Amino acid sequence: MIEDKIKRKLKSEQGTSIFFGLLLFLAASILSVVMINGAVTTVKRVASDRKTEQNYLSCSSAAKLLRDKFENTTITRTTVIRNYENKGPGNSYTTTDVTWTTGTENDNSEEISFEEILKDHIKNLAEQPSASTNTTEKFKWKISVKSAATSGESKMQDVFAECTISQKAAGAGGTGGNTDSGFDISVLLTTGEGNDSCQMVLSLTGSQNKVGPIDGTEAGTGTNTVKTSTTTNTYTWTAKDIIYGDQERTVEEN
Amino acid sequence: MQTGKRYHNTKKYQQTKKYDLMKKKLSGTSGETIAETLVTMIILSLAVLMIAGAVVSSARVNKKADNTQTAFTADGIKENTQNVVISEVNEDGSPAAGGKSTETTVKMYETENHYFYYESPGQ
Chain A
34 MIEDKIKRKL
44 KSEQGTSIFF
54 GLLLFLAASI
64 LSVVMINGAV
74 TTVKRVASDR
84 KTEQNYLSCS
94 SAAKLLRDKF
104 ENTTITRTTV
114 IRNYENKGPG
124 NSYTTTDVTW
134 TTGTENDNSE
144 EISFEEILKD
154 HIKNLAEQPS
164 ASTNTTEKFK
174 WKISVKSAAT
184 SGESKMQDVF
194 AECTISQKAA
204 GAGGTGGNTD
214 SGFDISVLLT
224 TGEGNDSCQM
234 VLSLTGSQNK
244 VGPIDGTEAG
254 TGTNTVKTST
264 TTNTYTWTAK
274 DIIYGDQERT
284 VEEN
Chain B
21 MQTGKRYHNT
31 KKYQQTKKYD
41 LMKKKLSGTS
51 GETIAETLVT
61 MIILSLAVLM
71 IAGAVVSSAR
81 VNKKADNTQT
91 AFTADGIKEN
101 TQNVVISEVN
111 EDGSPAAGGK
121 STETTVKMYE
131 TENHYFYYES
141 PGQ
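The listed protein sequences derive, respectively, from chains A and B. Going by the working numbering, the first sequence runs without a break in its numbering and finishes at 287. Going by the working numbering, the second sequence runs without a break in its numbering and finishes at 143.
Be aware that one or more of the hints could be misleading.
If the Cβ cut is set under 10 Å, some of the chain B residues that face chain A in the computed set are [what the hints assert, rightly or not]:
(1) Q34
(2) T36
(3) V75
(4) I97
(5) V105
(6) I106
(7) S107
With beta-carbon atoms standing in for the labels, derived distance ranges [what the hints assert, rightly or not]:
(8) B/L58 with A/V66: 22 to 30 Å
(9) B/S77 with A/K38: 44 to 52 Å
(10) A/E226 with B/V105: 29 to 37 Å
(11) A/S262 with B/I97: 52 to 60 Å
(12) A/L56 with B/I97: 52 to 60 Å
(13) A/M34 with B/D40: 34 to 42 Å
(14) A/V244 with B/K98: 41 to 49 Å
(15) B/A79 with A/M34: 52 to 60 Å
(16) A/G71 with B/I97: 30 to 38 Å
For the record, the hints were derived by calculation from the structure and aren't laboratory data. Just so you know, these numbers come straight off a predicted model, no measurement behind them. For each residue, glycine too, the CB sits at the ideal point set by N, CA and C.
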């Protein structure tokens with residue numbers, strides 16, 4: 034009797050359908066995936082925010098460092114024209130010597146200073162042949178923190194500085210009645226990749242102070258007398274601004 | 021209505037049969053055996069467990085993310101000295117052949133929430 038009842042119960046088909054059970058399971062799994070996906074997205078966004086903030090700090094630190102370096106740099110070009118006048122038989126002739134120096138001279142150590150590196154670029158641009166139409170010098174620097182303690186993904190990334198030195202138009206910005214008007218510098222600093230990257234532009238206005246030509250004499254050899262004419266051009270820079278972005282932007286007035 | 025063995029083997033008949041069975045299943049009061057019902061309950065329990073786990077995990081992760089401070093604050097700043105290297109590189113960022121480099125000492129700062137920045141010693 035009881036056995037019959039149990040058998041009837043086991044074989045009974047009254048009740049709920051497995052179909053709805055599986056449907057609910059599917060809905061639950063989809064909901065779980067959506068919730069976990071949301072949480073993971075939040076974590077990634079926070080990590081990205083931190084990276085962006087650090088990249089901004091790295092970029093602005095490098096920009097300020099370069100600004101200070103440029104503002105404290107003085108490059109001098111000394112041009113000495115020597116006129117050798119021969120009192121005896123023979124021709125007179127003239128020589129021109131150009132010397133480039135920086136404000137902080139290398140004390141014979143093996144290290145190269147920032148001024149020395151910049152002087153080479155200024156010299157390259159200034160000594161372009163007169164027929165050349167090239168008025169800019171471009172190069173790229175990498176600014177990195179040396180210590181291993183601050184390297185790594187969450188620390189300071191390397192900053193790349195694309196520098197452009199432009200020779201000013203003749204007669205603009207110079208002093209002392211000269212036509213060599215100095216060099217403007219624009220530096221585009223970038224760090225990071227993708228949405229976490231940061232870009233800044235450092236602009237510096239170049240100025241040039243010319244002294245001379247100052248006439249003088251030097252002791253000659255033999256029957257020569259040497260008359261000299263010395264001209265000194267001093268190049269300096271002042272920072273205009275550090276701009277956030279990849280280029281200077283101006284607000285257009287309506 | 022078509023009948024006969026030939027009709028019963030056709031695709032149309034098979035499809036009609038399946039549709040009728042499904043309709044009967046959905047609208048009817050008959051269900052499954054008690055064994056299959058128990059299996060259904062186990063599946064439902066797993067589903068509820070999965071949702072509960074997902075809720076707890078995502079709540080914990082969100083709370084941790086909310087507590088993470090991303091803003092730069094000038095509190096508790098540690099200072100030390102580091103060297104920064106300025107070196108010449110190619111367009112692609114690789115070291116330039118014969119390129120020069122120079123080192124300069126800077127003041128390195130670390131904030132409480134582990135942001136780093138530096139300044140020239142003169143500043």
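Going through the hints against the structure:
no. : hint                           : in the structure
1   : Q34                            : violated (20 Å)
2   : T36                            : violated (20 Å)
3   : V75                            : holds (6 Å)
4   : I97                            : violated (12 Å)
5   : V105                           : holds (5 Å)
6   : I106                           : holds (5 Å)
7   : S107                           : holds (5 Å)
8   : B/L58 with A/V66: 22 to 30 Å   : holds (27 Å)
9   : B/S77 with A/K38: 44 to 52 Å   : holds (46 Å)
10  : A/E226 with B/V105: 29 to 37 Å : violated (21 Å)
11  : A/S262 with B/I97: 52 to 60 Å  : holds (56 Å)
12  : A/L56 with B/I97: 52 to 60 Å   : holds (58 Å)
13  : A/M34 with B/D40: 34 to 42 Å   : holds (37 Å)
14  : A/V244 with B/K98: 41 to 49 Å  : holds (48 Å)
15  : B/A79 with A/M34: 52 to 60 Å   : holds (54 Å)
16  : A/G71 with B/I97: 30 to 38 Å   : holds (35 Å)
This entry does not satisfy hints 1, 2, 4, 10, going by the numbered hints stated previously.
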